[in-house]
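As numbered in my numbering, the sequence shown has no gaps in its residue numbers, which increase by one up to the final residue, 81.
If you are wondering where the hints come from, they were derived from the structure by calculation, not from laboratory data.
Heads up, some of the hints might be wrong.
As the list claims (entries may be wrong) - Ranges between beta-carbon positions, derived for each pair:
hint, residue 1, residue 2, range
1, Arg3, Ile40, 20 to 26 Å
2, Arg3, His61, 23 to 29 Å
3, Cys14, Leu46, 15 to 21 Å
4, Thr76, Phe37, 16 to 22 Å
5, Asn70, Phe16, 27 to 33 Å
6, Leu46, His13, 17 to 23 Å
7, Thr73, Thr30, 20 to 26 Å
8, Gln43, Thr73, 16 to 22 Å
9, Asn70, Ala31, 27 to 33 Å
10, Phe16, Leu46, 36 to 42 Å
11, Thr73, Glu39, 35 to 41 Å
12, Asn35, Tyr9, 18 to 24 Å
13, Leu5, Val53, 30 to 36 Å
Here the structure is a predicted model, which means the values were calculated and not measured.
From the three backbone atoms N, C-alpha and C, an ideal C-beta is built for every residue, glycine too.
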Amino acid sequence: MPRRLHRHYGSGHCHFIISSCYHQRPRLGTATRQNLFLEILEQVRLRYGFIVVGYVVMPEHIHLLISEPNRGTPSTVRLRS
Numbered sequence: 001m002p003r004r005l006h007r008h009y010g011s012g013h014c015h016f017i018i019s020s021c022y023h024q025r026p027r028l029g030t031a032t033r034q035n036l037f038l039e040i041l042e043q044v045r046l047r048y049g050f051i052v053v054g055y056v057v058m059p060e061h062i063h064l065l066i067s068e069p070n071r072g073t074p075s076t077v078r079l080r081s
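My request is simple: use the sequences and hints to build the entire structure.
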């Protein structure tokens, strides 16, 4: 049985986040929806104070590479946003 993953926060490392759309449906398949996602990402970035190192927006999921936020952890940013 695999061991539980340990999350390491507070070391100043970057964090890679993958998030899929509900039932992996292509909810981000249009430029309008992708732009809306980017606007919301910017609002969340400003609220929590992290740097977006890179991102990829695909029709059914996103990849983010972010710095540690000034407020909270990458997990809390993802859950509360």
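- request: Kindly confirm whether 16 to 22 Å is satisfied by the beta carbon distance between Thr76 and Phe37.
  value: Distance hint for Thr76, Phe37 holds at roughly 19 Å.
task: Given the range 30 to 36 Å, decide if the beta-carbon distance of Leu5 to Val53 lies inside it.
output: Violated: the Cβ-Cβ distance is about 21 Å, outside 30 to 36 Å.
- request: Indicate whether the distance between the beta carbons of Arg3 and Ile40 respects the range 20 to 26 Å.
  value: violated (34 Å)
query: Does the Cβ-Cβ separation between Asn70 and Ala31 fall within 27 to 33 Å?
result: holds (31 Å)
- prompt: Does the Cβ-Cβ separation between Cys14 and Leu46 fall within 15 to 21 Å?
  reply: holds (18 Å)
field: Beta-carbon spacing of Arg3 to His61 - inside the hinted bounds 23 to 29 Å or not
entry: At roughly 26 Å between Cβ atoms, His61 and Arg3 fall inside 23 to 29 Å, so the hint holds.
query: Does the Cβ-Cβ separation between Thr73 and Glu39 fall within 35 to 41 Å?
result: 23 Å Cβ-Cβ, so the 35 to 41 Å window is violated.
query: Can the suggested window of 20 to 26 Å be confirmed for the beta-carbon pair Thr73 and Thr30?
result: violated (32 Å)
field: Satisfaction of the hinted span 36 to 42 Å by the C-beta atoms belonging to Phe16 and Leu46
entry: The hint (36 to 42 Å, Cβ to Cβ) is violated, given that Phe16 and Leu46 are roughly 21 Å apart.
field: Status of the given 27 to 33 Å range, CB of Phe16 versus CB of Asn70
entry: violated (19 Å)
task: Take the C-beta atom of Gln43 and the C-beta atom of Thr73, compute their distance, and say whether it sits inside 16 to 22 Å.
output: The hint (16 to 22 Å, Cβ to Cβ) holds, given that Gln43 and Thr73 are roughly 18 Å apart.
task: Just tell me: holds or violated, for the beta carbon distance of Leu46 and His13 against 17 to 23 Å?
output: Holds, at about 21 Å.
Violated hints, listed in ascending order, are 1, 5, 7, 10, 11, 12, 13; each of the other numbered hints is respected by the structure.
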